[in-house]
Amino acid sequence: MPAAQPAPLTLVPPAAEPAPRTIVDIRNLTLTYQAADHPVYALSDVSLSIAKGDFISLIGPSGCGKTTLMRVVADLEQPTSGEVTVNGMTPEQARLKRAYGYVFQAPALYPWRTVERNVTLPLEIMGLPKAERQQRAREQLELVGLSGFERKFPWQLSGGMQQRVSIARALAFNPDLLLMDEPFGALDEITRDHLNLQLTRLWLGTRKTCIFVTHSIAEAVFLSTRIVVMSPRPGRILDVIDCDGDLPRERTLDIRESPEFQRIAHRVREGLMEGHSYDD
Amino acid sequence: MKRPTMALPQMAHSDMAPWPLVMLAAPLLPFAGLDGTTLFLPQLPIALALFAVTIATILGRRLPGSALGEALLLLAGVASAYAAPLVLLKEGYGLAQAGGLWVYLAGATLLLWRVLALLAMVSGPARLAGPALFGLALVMLWEILTRGFQVPTILLPPPSTVLSAFAVHAADLWDDFRQTVLVSVLRGYLIGCGAGFLVAILADRVPFLARGLLPLGNLASAVPVVGIAPIMVMWFGFDWQSKAAVIVVMTFFPMLINTLAGLQSAERIQLDLMRSYGAGYWRTLAMLRLPCALPFLFNGLKINSTLALIGAIVAEFFGTPVVGMGFRISTQVARMNLDVVWATIAVAALTGSLLYGALALAERRVTAWHPSLRKR
Ligand SMILES: Nc1ncnc2c1ncn2[C@@H]1O[C@H](COP(=O)(O)OP(=O)(O)OP(=O)(O)O)[C@@H](O)[C@H]1O
Ligand SMILES: [Mg+2]
Chain A
54 MPAAQPAPLT LVPPAAEPAP RTIVDIRNLT LTYQAADHPV YALSDVSLSI
104 AKGDFISLIG PSGCGKTTLM RVVADLEQPT SGEVTVNGMT PEQARLKRAY
154 GYVFQAPALY PWRTVERNVT LPLEIMGLPK AERQQRAREQ LELVGLSGFE
204 RKFPWQLSGG MQQRVSIARA LAFNPDLLLM DEPFGALDEI TRDHLNLQLT
254 RLWLGTRKTC IFVTHSIAEA VFLSTRIVVM SPRPGRILDV IDCDGDLPRE
304 RTLDIRESPE FQRIAHRVRE GLMEGHSYDD
Chain B
3 MKRPTMALPQ MAHSDMAPWP LVMLAAPLLP FAGLDGTTLF LPQLPIALAL
53 FAVTIATILG RRLPGSALGE ALLLLAGVAS AYAAPLVLLK EGYGLAQAGG
103 LWVYLAGATL LLWRVLALLA MVSGPARLAG PALFGLALVM LWEILTRGFQ
153 VPTILLPPPS TVLSAFAVHA ADLWDDFRQT VLVSVLRGYL IGCGAGFLVA
203 ILADRVPFLA RGLLPLGNLA SAVPVVGIAP IMVMWFGFDW QSKAAVIVVM
253 TFFPMLINTL AGLQSAERIQ LDLMRSYGAG YWRTLAMLRL PCALPFLFNG
303 LKINSTLALI GAIVAEFFGT PVVGMGFRIS TQVARMNLDV VWATIAVAAL
353 TGSLLYGALA LAERRVTAWH PSLRKR
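Protein chains in written order, with the numbering used here: chain A, 54 to 333; chain B, 3 to 378.
It should be emphasised that the hints constitute simulated quantities derived from the structure, not laboratory data. C-beta: ideal position from N, C-alpha, C; glycine also. Incorrect hints may appear among the rest.
Some chain A residues near chain B, calculated using beta-carbon distances under 10 Å [as the list claims (entries may be wrong)]: (1) Q158; (2) Y163; (3) R245.
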């Protein structure tokens with residue numbers, strides 16, 4: 054665990070927590086894109102409640118509306134109908150209060166800024182002093198294994214390294230809510246394991262709330278307290294699988310071998326296949 | 003058939019195409035004329051010596067053992083070939099019928115080709131000598147051809163005449179430069195580009211403004227300078243104001259259109275990022291959209307640098323206080339002082355290229371991140 058993250062876990066054992074506070078509340082959310090010729094039904098009647106400290110994984114076939122759902126929470130997309138609240142506010146108010154950090158599906162780095170200045174971008178907007186900005190950038194880049202690349206430009210990095218820079222950027226301003234859209238999609242297995250471990254420790258240590266999109270069942274089970282399985286377009290929620298009961302909160306890579314882990318993974322797979330069944 | 007398995011390092015530059023050897027035909031043809039008699043190479047000791055130097059450099063080209071050495075040696079051969087006609091002209095020989103000399107020159111020019119190819123292979127500052135040498139050779143050929151064939155100076159004066167016009171009329175040329183470039187062009191350019199930029203930022207916020215202005219921009223770019231220049235002179239008088247007005251009309255829309263396109267060029271995901279930080283319009287403009295627009299801005303500035311110069315010079319044809327590059331050209335053409343006209347044209351061309359070059363250099367520095375310029 055990096056020194057930057059305070060609040061050691063032992064002080065707040067999960068069992069002693071008061072009734073969990075709802076951070077994100079989604080009710081009957083429907084979203085239809087008005088494409089040029091015909092409407093695209095991206096989300097249909099999605100309801101989901103996410104408590105503080107939850108780690109929610111969204112899993113579902115490509116094009117089912119996972120990104121769309123995150124964008125609604127982030128106030129980057131307006132729902133056609135339904136209610137969404139973030140921290141008890143509208144998504145817009147939450148956005149203006151910088152309530153969340155968003156790791157986009159693509160790195161979205163600014164090519165005219167060095168790696169370091171990409172990471173400090175949100176800190177500049179928040180008006181932090183320069184020394185602190187650089188300090189935090191150094192810590193976060195170290196966390197994602199990119200120490201020594203501060204002076205490089207994004208286009209001098211590989212795709213996976215760029216995505217890690219964008220993760221460091223989202224972590225740099227220490228938001229309570231993290232929205233991550235396939236952040237590890239472009240990484241090799243070993244780096245991915247390493248970052249999964251870092252992420253789960255970070256989450257455990259800081260009590261952040263995470264919404265995480267992935268296509269990897271193992272990753273979803275390893276990281277999540279709950280897994281949301283979505284159907285093909287129009288995206289609906291097929292199943293919400295609770296992992297917290299069967300798996301310990303503090304996780305190590307070897308729990309992936311345990312029977313509980315396998316059982317949950319199997320259930321996720323069944324849910325995904327059920328969604329696909331009417332396709333063929 | 004046996005293929006070489008390995009190329010030796012010096013092989014890369016040791017094979018030379020045989021074309022420069024056409025100059026071996028030169029001794030067989032007339033080399034100069036004097037009072038109606040034709041002379042051949044052996045009768046002209048200086049020319050013979052120069053010819054011998056060139057041949058010697060070709061024969062000895064492998065001695066230096068490096069591409070740069072070979073280039074320098076052959077360059078000496080080219081230089082003596084280019085010197086030959088100038089020396090002969092100076093001694094009063096006629097060259098219009100001197101077939102041998104022209105064959106010699108043609109061969110030497112092909113040899114120069116070889117020199118330039120060698121320099122292109124060399125790394126370091128010598129590489130930069132290539133383009134300079136190319137330009138110098140063009141000027142030399144211009145000099146030799148116009149004087150050798152006695153082209154009337156009204157049609158095309160040799161560079162040496164233009165150069166002496168520079169010396170004689172230096173004060174006038176400087177005054178013209180100051181009036182046209184430092185006063186009219188600079189002010190018009192800054193006002194035109196600045197206004198184009200600011201209006202683009204406004205039009206970006208007010209969509210109907212952009213929709214109304216863009217068709218107007220197409221219209222304005224089709225209006226000929228010679229049409230608006232006299233009108234501007236009537237409106238704003240003879241001094242720099244009317245020239246600046248013409249330049250503003252010419253540069254405003256290119257800048258507006260380029261800036262608008264540049265502001266649109268930020269990607270959606272980059273904009274979403276700014277939005278997710280709760281950044282407002284101005285912050286997004288400063289931190290994302292303007293940096294994105296920089297390549298477009300430079301494009302507009304570069305286009306406008308040439309447009310502004312053309313606009314000012316043409317506008318001066320329609321009235322100036324008796325100074326300015328356009329004024330100089332129009333009056334000196336009427337007096338058949340073509341050397342001054344050419345000197346003015348040279349000043350204009352140099353100014354234009356320097357302006358453009360400076361902008362291109364600034365662009366390289368400022369937008370080195372752009373895919374078209376980036377080096378890994
Ligand atoms: N701006 C848009 N306009 C129209 N249709 C859109 C737009 N954005 C997304 N869509 C459509 O909405 C559907 C859901 O898209 P979304 O990006 O949410 O999928 P996803 O689940 O994130 O897929 P993936 O796993 O491939 O990233 C897709 O079918 C897509 O075609
Ligand atoms: Mg997606």
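We went through each hint and held it up to the structure:
1. Q158: This interface hint holds because 8 Å falls under the 10 Å limit.
2. Y163: Nearest chain B Cβ about 7 Å off; hint holds.
3. R245: Because about 22 Å separates R245 of chain A from the closest Cβ in chain B, which is outside the 10 Å limit, the hint is violated.
Going down the numbered hints, you'll see the structure goes against just number 3.
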